[in-house]
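> Next come the chains, spelled out residue by residue.
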Amino acid sequence: MLFTETMPIGERFLNSIAITILGMLVVFAVLIIIAYSLELLRIMFKDKNTIEKSVPEKKEPVKLVPVTQENVEDIDLILLITAAIAADEGSSTDDFFVRSIKPLAQKDTIWASAGRQQNMSKKM
Amino acid sequence: MLNTLLEGLKQFLGNMGFAAITPGQVIMLIVSFILLYLAISKKFEPLLLLPIGFGMFLANLPLAGLMAEPVGTLGQEGFQAGGLLYYLYLGVKLGIYPPLIFMGVGAMTDFGPLIANPKSILLGAAAQFGIFTVFIGAVLLGFTGPEAASIGIIGGADGPTAIFLTSKLAPDLLGPIAVAAYSYMALVPIIQPPIMRLLTTKEERSVVMEQLRPVSKKEKVIFPIFVTALVSLILPSAAPLVGMLMLGNLLRESGVTERLSKTAQNELMNIVTIFLGVTVGATANAETFLKPQTLMIIGLGLLAFSFGTTAGVLLGKLMYKLTGGKVNPLIGSAGVSAVPMAARVSQTVGQEENPSNFLLMHAMGPNVAGVIGSAVAAGLLLSIFG
Chain A
8 MLFTETMPIG ERFLNSIAIT ILGMLVVFAV LIIIAYSLEL LRIMFKDKNT
58 IEKSVPEKKE PVKLVPVTQE NVEDIDLILL ITAAIAADEG SSTDDFFVRS
108 IKPLAQKDTI WASAGRQQNM SKKM
Chain B
4 MLNTLLEGLK QFLGNMGFAA ITPGQVIMLI VSFILLYLAI SKKFEPLLLL
54 PIGFGMFLAN LPLAGLMAEP VGTLGQEGFQ AGGLLYYLYL GVKLGIYPPL
104 IFMGVGAMTD FGPLIANPKS ILLGAAAQFG IFTVFIGAVL LGFTGPEAAS
154 IGIIGGADGP TAIFLTSKLA PDLLGPIAVA AYSYMALVPI IQPPIMRLLT
204 TKEERSVVME QLRPVSKKEK VIFPIFVTAL VSLILPSAAP LVGMLMLGNL
254 LRESGVTERL SKTAQNELMN IVTIFLGVTV GATANAETFL KPQTLMIIGL
304 GLLAFSFGTT AGVLLGKLMY KLTGGKVNPL IGSAGVSAVP MAARVSQTVG
354 QEENPSNFLL MHAMGPNVAG VIGSAVAAGL LLSIFG
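As you go down the protein sequences, you meet chains A and B in turn. Counting from 8, one number per residue, gives the positions in the first sequence under my numbering. Counting from 4, one number per residue, gives the positions in the second sequence under my numbering.
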């Protein structure tokens, strides 16, 4: 037993100081190891970060590729989307170009998509 | 017939709680009303003080037997089931609720500021000094080693850690220690600022810190796994707290378990908080609470908080000197945990000097390091006295 009632107060005091020193050393040691490990983690991932920062992205000028039957899988789809945008914007299809069409991953739940489709069909 | 009526009335009156109430219970009921008042009107940590206050209220109602132990063995003749709160209390007694709360805390915590500025972790270590200084004080006042350790842990400013350690080392003191720990956590904005202002100069308080670097997802995912492995290997007794804290954090940072993360930080945490609060309050009965040592615990708890804050700010001052004025010492006080209240206090005191200074994210580093630090301290005390 580290502390008994019969133990003189001086001895109890010294024991408690010893535990305090041990406790603070352990707390500091564990957290210092964590801190250094974090530095290590940072260095491990540093190269990638610095490369990303030091080399600014060069934006290549967008080349306009005429829409032809060869480079488009489904010309009907493009025509449909172009017409839909024009109808939504209230503008003409001559006012803009459709440069790319990328399918997006389904982010919403199936219920949200169903609800949105329902709203759209009500507007039409 | 009159005799039967009188006999029945006498028996009814004899079975009423009013007949059995003791002066100690009356005082405890008043204490519970004070806690309820502080929670509802003053909004002192209401999510915990309200269940604690009501648990205390329930447990001190005479003859209700909500904390009564079961009599006999289940399935055998003469078995009497224990009170409702007795069974719910097993989650505290067996050390189940505090780690579950820690899982929720982990799911709510962003360790990003700590990963971005690892040096700030040292401030979280310094602030644990309060635990050990008050431990010495409690030993000198005549408390046993395990009791003194449980009182000291109030300085960790971390309710679940304090309850976890006390339920294992000194269950009789659970009521006063939990009440003191949560009351002081609510009082952080009152206790800390005077100490912070006293120990720092105007110039130090005005330091604007550099913006933290962005932290990659890989670092955030590796961090909880690494810390769990490291702390559990050094201090196996801290594994339940740190392990669950980091599980919650991994649920958050992995990005693939959003539903589990939400459950850990909302529904599960709320359910466990109700059970924990009510049963911890219910341990405070007149025999264990109405003693001079309760006042000593409340006094020592305040000292623990103050010493922790002081040590954090002093190390902050040292870091200010060593870095040539890049660290604002005010973030040191956030090392006492009490997430995120202590970090908000650093922000508020810093803005008093310089309204355009935003210390909050810088203070969150030591703040969350303090949670790990107090869990480590608790693990160490448990391995010595457990």
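Treat each hint with caution, since some may be false.
[Unchecked claim] Taking CB as the label site, the calculated pair distances span:
1. S209/B <-> A25/A: 34 to 44 Å
2. G302/B <-> A25/A: 37 to 47 Å
3. T266/B <-> Q125/A: 47 to 57 Å
4. Q125/A <-> N269/B: 27 to 37 Å
5. I28/A <-> G98/B: 20 to 30 Å
6. L236/B <-> I50/A: 55 to 65 Å
7. L236/B <-> M127/A: 51 to 61 Å
8. A25/A <-> A232/B: 22 to 32 Å
9. A121/A <-> T266/B: 19 to 29 Å
[Stated by the list, open to error] Here are the simulated DMTMM-like cross-link-like pairs (lysine to aspartate or glutamate), alpha carbons at most 25 Å apart as the crow flies:
10. K122/B <-> E46/A
11. K223/B <-> E261/B
12. K122/B <-> E270/B
13. K329/B <-> E96/A
14. K265/B <-> D113/B
15. K329/B <-> D175/B
16. K122/B <-> E261/B
17. K220/B <-> D113/B
18. K324/B <-> E207/B
19. K223/B <-> E96/A
20. K329/B <-> E10/B
21. K320/B <-> E270/B
22. K320/B <-> E96/A
23. K324/B <-> E96/A
24. K109/A <-> E96/A
25. K46/B <-> E355/B
26. K324/B <-> E213/B
27. K221/B <-> E18/A
28. K96/B <-> E207/B
29. K329/B <-> E290/B
30. K220/B <-> E46/A
Note that these hints are calculated values from the structure, not bench results. Yeah, the Cβ is synthetic: ideal placement off N, Cα and C, and Gly gets one too.
> Take the hints in turn and mark each one as holding or not.
Comparing the hints with the structure gives:
Look at S209/B against A25/A: about 41 Å separates their beta carbons, and that is inside 34 to 44 Å. For G302/B paired with A25/A, a C-beta distance near 24 Å fails the hint of 37 to 47 Å. Look at T266/B against Q125/A: about 30 Å separates their beta carbons, and that is not inside 47 to 57 Å. At roughly 30 Å, the beta-carbon separation of Q125/A and N269/B lies within the given 27 to 37 Å, and the hint holds.
For I28/A paired with G98/B, a C-beta distance near 28 Å keeps the hint of 20 to 30 Å intact. For the pair L236/B and I50/A, the supplied restraint of 55 to 65 Å is violated, since their beta-carbon distance comes to about 23 Å. About 57 Å separates the C-beta atoms of L236/B and M127/A, a value consistent with the hinted range of 51 to 61 Å. At about 29 Å, the CB distance of A25/A to A232/B agrees with the hint of 22 to 32 Å.
Checked against the hint of 19 to 29 Å, the C-beta distance between A121/A and T266/B comes to roughly 26 Å, which is consistent with it. Between K122/B and E46/A the alpha-carbon distance is near 9 Å, which keeps this suggested pair within the 25 Å criterion. A C-alpha spacing of about 15 Å is found between K223/B and E261/B, which places the hinted pair at or below 25 Å, so the restraint holds. At most 25 Å may separate the alpha-carbon atoms for a hinted pair to count; K122/B and E270/B exceed this at roughly 35 Å.
Of the supplied pair hints, the one linking K329/B and E96/A is violated, its CA atoms being roughly 53 Å apart against a limit of 25 Å. Of the pairs offered as hints, the one joining K265/B and D113/B holds, with about 14 Å between alpha carbons and a cut-off of 25 Å not exceeded. Distance restraint check for K329/B and D175/B: the Cα-Cα separation of roughly 46 Å exceeds the 25 Å cut-off, and the hinted pair is therefore not satisfied. Pair hint K122/B plus E261/B does not hold up; C-alpha atoms about 30 Å apart against a cutoff of 25 Å.
At roughly 12 Å between alpha-carbon atoms, K220/B and D113/B fall within 25 Å of each other, so this suggested pair holds. Between the alpha carbons of K324/B and E207/B the distance comes to roughly 10 Å, so the proposed pair stays at or under 25 Å and holds. For the suggested pair K223/B and E96/A, the alpha carbons sit about 43 Å apart, so the restraint of at most 25 Å is broken. Between K329/B and E10/B, the direct Cα distance comes to roughly 82 Å. Violation of the 25 Å bound is thereby established for this hinted pair.
Proposed proximity of K320/B and E270/B is contradicted: the alpha carbons are some 41 Å apart, above 25 Å. Of the supplied pair hints, the one linking K320/B and E96/A is violated, its CA atoms being roughly 60 Å apart against a limit of 25 Å. With a C-alpha separation of about 61 Å, the suggested pairing of K324/B with E96/A is violated against the 25 Å cut-off. Between the alpha carbons of K109/A and E96/A the distance comes to roughly 20 Å, so the proposed pair stays at or under 25 Å and holds.
Taking the CA atoms of K46/B and E355/B, the gap is near 24 Å; set against the 25 Å cutoff, the hint holds. Between K324/B and E213/B the CA atoms are separated by roughly 16 Å; this keeps the pair inside 25 Å, and the hint holds. Between K221/B and E18/A the CA atoms are separated by roughly 50 Å; this puts the pair beyond 25 Å, and the hint is violated. Simply put, K96/B and E207/B have alpha-carbon atoms about 45 Å apart, too far for the 25 Å limit, and the pair is violated.
Simply put, K329/B and E290/B have alpha-carbon atoms about 53 Å apart, too far for the 25 Å limit, and the pair is violated. For the given pair, K220/B sits about 15 Å from E46/A by alpha-carbon distance, which is consistent with the 25 Å threshold.
In the structure shown, a violation is registered for the earlier hints numbered 2, 3, 6, 12, 13, 15, 16, 19, 20, 21, 22, 23, 27, 28 and 29, in ascending order.
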